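Protein chains in written order, with our numbering: chain A, 1 to 554; chain B, 1 to 104.
Simulated from the structure, these hints should not be mistaken for laboratory data.
In this text, all values refer to a predicted model and were calculated from it rather than measured experimentally.
Virtual Cβ for every residue (Gly too), placed ideally from N, Cα, C.
Take these hints with a grain of salt, some might be off.
One-sided excerpt, in silico: chain B residues whose CB lies under 8 angstroms from chain A [unchecked claim]: (1) 6; (2) 10; (3) 11; (4) 30; (5) 33; (6) 61; (7) 71; (8) 72; (9) 83.
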Amino acid sequence: MINRIFLFLILGTIAVFASSAATAEVAKELNLSAIVMFLIFVGATLGITYWAAKRTKSAKDFYTAGGGITGFQNGMAIAGDYMSAASFLGISGLVYASGYDGLIYSIGFLVGWPVILFMIAEPLRNLGKYTFADVASYRLRQTPVRILAAFGSITTVVLYLIAQMVGSGKLIQLLFGLDYEIAVFIVGILMILYVTFGGMLATTWVQIIKAFLLLSGATFMSIAVMAHYDFNFGKLFAHAVELKDVSIMAPGKLVGDPISAISLAVALIFGVAGLPHILMRFFTVSDAKEARKSVFYATGFIGYFYILTFIIGFGAIVMVLGKPEYLDLAKQAISGGQPILGGNNMAAIHLSHAVGGDFFLGFISAVAFATILAVVSGLTLAGASAISHDLYSSVIKKGQVDSITEMKVSKMATVALGIVAILLGIAFESQNIAFVVGLAFAIAASANFPILFLSMYWRGLTTRGAVIGGSMGLATAVVLLILGPAVWVDVLKNAEAIFPYKYPALFSMTVAFVATYFFSVTDNSQSAKEEKEKFEAQFIRAQTGIGAEGASSH
Amino acid sequence: MHKDIVEVVKNDPNYKELVAKRSSFAITLSIIMLVVYFGFILMIAYFPEVLGTPLSEGSVTTVGIPVGMGVIFFAFIITGIYTKRANSEFDDLNNKIKDKVKGM
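Please build the complete structure, drawing on both the sequences and the hints.
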């Protein structure tokens, strides 16, 4: 039965893709090599999904791939989760446009990882089973803490999904000449296929393959650029400065006033430690040692990737900027300058053509598409597990539910989230969504991270403190962001922002910590006393792994 | 977890050593990482011209390039330092603690 549904959906997707590609041919130029390579990728990953589906028999398999992923594989998959199309195209585009600022931006996305390793990864693995709410609610009252954690997870996931879906729709429209709605639809359907049938095992392998392809492609582009300059950075920079101006070698406007700078840094560092799809990856390895190795490898891959995007951005300055074949003539006629086709975010894509011709352009386009698929799959799985494991199994059924039923519910949740993602992707097509990822990070840093961190390290945390503090952190992040320049001015078109800073995390995370502390220490209830007593045993398990979930044996 | 295990582990000198050593190591490394990163960010906010200074007379490469790349390498190296010590020293201590309560 499952096989037949699977086959039907695959054939359906290919048919939609083929027919829409055929109609697009009339209107737009078709990138044939990109489509062929993309179909090979989809075919291979669907094969993996089919293989994984046969090995996904229980909820544990579904959420954590059975817990048997190695540290190296998981490090690669984490990197695959983290290196989204937005960061590949966005950061190289930022380097292309403003040089050094792109490097500052990418560094911010990297430095959260060491902190995750030192503070979060090992206790998380030792205490949790499927979701970070397992850890937050370990010794607290299940119902309220799970609801809060699930709400924080689902909000973060949905915001992130909107950003990915809109970005992917536009990217695919540009690369493959497909209609926006069809592009969003294809992404949604493929993601539903990977996750519902293959669970975490298929998602992990899709991420590993994609990380490998992305790193290989970016490495090739960087080497091709550097080879023109005898592998001498000085020569590359000198040529780029000649074509633009000397300001690209120094910090520009990205970091404005010190408060905004610090607030952005807080959101990036502590936000990563509160992203549910990232935290969930730590339950796929067998123990704390592998969790630790995962972060080490992931940090290496991600750091390497950011260095490559920096080279690629500069490569685009010297090889794409001003070249007539990449110039957007229509835009130039209106606004002057030397705009490139598709905007600055297409700098890396044009560079792939400049260094490797149509074939390599096809490869990088297919990799960009694969990147989107891998990231949305990881997100959807994290969102679905918050719904099925935290809300359905723990809150509604009070833990009285068998593994098969829980897995069925999470598959239904995956399909529902996939449909929601498609609809939101279409609804937000022409909205200004620049603030959405910032909001996701702010909520992760202000609601998810403080509760997770305090539950691991602070004996005095009580249910009342966690629920009030986490909710206030979440509310503060949302309200300050709406009143700030990103929404109040850019989206709602008011003249001046009520809250002057673009990034709320410094304030909202402080609110969360202070409120959690205050409402915990003033909590004199009997249950609060019991929760504090349970800390010792929890801390021992967090530190040593005694009693922790193992890998499944099959 | 069983109450007896909690009692045994709590009073195990290896456990006390593990928690003390790992906590101080993790906190020290976290503070170093945060100081390096916030130092970088505050330098951009207050003294952007320092990072924009050319490395040498006539060179276009600025001080900011090796500093920025340095922060990336530093983040990787510091995770390596922690992982190396945790894989050997901390895991050895942890295995001793686990052996003691095995079968309880």
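### Query
Which hint numbers doesn't this structure obey?
3
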